[in-house]
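Undergrad: Residues per chain are reported as follows:
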Amino acid sequence: EPEVTQTPSHQVTQMGQEVILRCVPISNHLYFYWYRQILGQKVEFLVSFYNNEISEKSEIFDDQFSVERPDGSNFTLKIRSTKLEDSAMYFCASRQGDYGYTFGSGTRLTVV
Amino acid sequence: AQSVTQPDIHITVSEGASLELRCNYSYGATPYLFWYVQSPGQGLQLLLKYFSGDTLVQGIKGFEAEFKRSQSSFNLRKPSVHWSDAAEYFCAVVFNNYGQNFVFGPGTRLSVLP
Numbered sequence: 001e002p003e004v005t006q007t008p009s010h011q012v013t014q015m016g017q018e019v020i021l022r023c024v025p026i027s028n029h030l031y032f033y034w035y036r037q038i039l040g041q042k043v044e045f046l047v048s049f050y051n052n053e054i055s056e057k058s059e060i061f062d063d064q065f066s067v068e069r070p071d072g073s074n075f076t077l078k079i080r081s082t083k084l085e086d087s088a089m090y091f092c093a094s095r096q097g098d099y100g101y102t103f104g105s106g107t108r109l110t111v112v
Numbered sequence: 001a002q003s004v005t006q007p008d009i010h011i012t013v014s015e016g017a018s019l020e021l022r023c024n025y026s027y028g029a030t031p032y033l034f035w036y037v038q039s040p041g042q043g044l045q046l047l048l049k050y051f052s053g054d055t056l057v058q059g060i061k062g063f064e065a066e067f068k069r070s071q072s073s074f075n076l077r078k079p080s081v082h083w084s085d086a087a088e089y090f091c092a093v094v095f096n097n098y099g100q101n102f103v104f105g106p107g108t109r110l111s112v113l114p
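For the record, the sequence lines run as chains A and B.
In terms of the working numbering, the first sequence opens at residue 1 and continues consecutively.
In terms of the working numbering, the second sequence opens at residue 1 and continues consecutively.
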């Protein structure tokens with residue numbers, strides 16, 4: 001079954017550093033998402049992306065965050081200057097039509 | 001405003017006992033409904049989903065869920081719990097007027113006694 005692939009599975013970064021989280025969505029999917037889960041909390045929506053632009057973003061997705069689809073296969077989340085509170089599990093998801101939601105296995109980001 | 005609630009933060013059951021995890025949502029129409037399971041430090045695994053049609057949905061690992069429109073609920077059930085079912089369970093909802101984005105419930109942690 002097709003999968004959404006996220007790399008790396010775990011990343012440790014120093015506070016203030018830039019980090020890029022990578023995702024390879026399912027190839028024929030058109031809608032892409034990033035979600036975040038702080039340890040012990042629920043999963044929260046960050047941003048959705050369609051047709052090479054952001055279609056919706058949450059309050060969490062401030063100017064420190066950006067997303068990009070640099071080529072035909074990757075979908076990235078960049079955090080410009082990481083803060084301790086950015087430590088979380090980040091999930092990428094992709095969708096085709098109304099039904100084909102698929103989540104990746106996540107990247108655990110630890111900011112020290 | 002749309003919301004998803006899971007009233008039980010933590011549930012403990014004995015192995016072999018039945019299980020029901022509750023999920024309620026607030027929305028004027030019928031959303032898309034999902035249950036995910038997450039083991040510690042792991043990703044989200046889809047158990048089952050409901051879009052339309054038969055309100056009793058079968059999923060993986062012996063789980064099922066029933067959509068009740070009148071109660072705005074989508075409760076997850078399993079007739080006999082196994083020790084390996086211990087995990088965090090999230091109800092997730094796509095509200096169709098909310099950009100097709102998931103709204104997750106706060107989760108229910110399931111512990112299983114031997």
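The set of hints was computed from the structure by calculation and includes no laboratory data.
A hint or two may mislead.
Claimed, not checked - Below, a list of computed lysine-lysine pairs in the DSS-like style, where the Cα atoms sit at most 25 angstroms apart: (1) A:Lys57 to A:Lys42; (2) A:Lys57 to A:Lys83; (3) B:Lys49 to A:Lys83; (4) B:Lys68 to B:Lys49; (5) B:Lys61 to B:Lys49; (6) B:Lys68 to A:Lys57; (7) A:Lys83 to A:Lys42; (8) A:Lys57 to B:Lys61; (9) A:Lys78 to A:Lys57.
Unchecked claim - Listed next, the stretches of chain B that the computed footprint assigns to chain A, with coverage defined by at least 3 CB atoms under 8 angstroms from CB atoms of chain A: (10) 19-29; (11) 103-109.
Note that the structure is predicted; figures quoted are calculated from it, not measured.
We put the beta carbon where it would ideally sit given N, CA and C, even for glycine.
Undergrad: Holds or violated: A:Lys57 with B:Lys61, Cα cutoff 25 angstroms?
TA: Measuring from Cα to Cα gives roughly 34 angstroms; hence the hint is violated.
Undergrad: Count the residues of the stretch 103-109 of chain B with a beta-carbon closer than 8 angstroms to any beta-carbon of chain A: does the count reach three?
TA: holds (count 5)
Undergrad: When you check the alpha-carbon spacing of A:Lys57 and A:Lys83, does it fall within 25 angstroms?
TA: At roughly 19 angstroms apart (the allowed maximum being 25 angstroms), A:Lys83 and A:Lys57 satisfy the hint.
Undergrad: Given the hint that A:Lys57 pairs with A:Lys42, does the C-alpha gap stay at or below 25 angstroms?
TA: Holds - the C-alpha atoms of A:Lys42 and A:Lys57 are around 17 angstroms apart, at most 25 angstroms.
Undergrad: Do the alpha carbons of A:Lys83 and A:Lys42 lie within 25 angstroms of each other, as the hint requires?
TA: Holds. A:Lys83 to A:Lys42 sits at ~20 angstroms (cutoff 25 angstroms).
Undergrad: Would you check the hint for B:Lys68 and A:Lys57, treating anything up to 25 angstroms between C-alpha atoms as holding?
TA: violated, 31 angstroms
Undergrad: Quick one, are B:Lys68 and B:Lys49 close enough, alpha carbons at most 25 angstroms?
TA: holds, 14 angstroms
Undergrad: For the pair supplied as a hint, B:Lys49 and A:Lys83, confirm whether the alpha-carbon distance does not exceed 25 angstroms.
TA: With Cα atoms ~35 angstroms apart, B:Lys49 and A:Lys83 exceed 25 angstroms; violated.
Undergrad: Decide if the proposed pair is consistent with the structure: B:Lys61 and B:Lys49, CA atoms, cutoff 25 angstroms inclusive.
TA: Roughly 14 angstroms separates the two Cα atoms, so the pair holds.
Undergrad: Given the proposed pairing of A:Lys78 with A:Lys57, does the C-alpha separation stay at or below 25 angstroms?
TA: holds, 14 angstroms
Undergrad: When I compare C-beta atoms, does the stretch 19-29 of chain B have three or more residues closer than 8 angstroms to chain A?
TA: violated (count 0)
In this structure, the hints that do not hold are numbers 3, 6, 8 and 10, in rising order.
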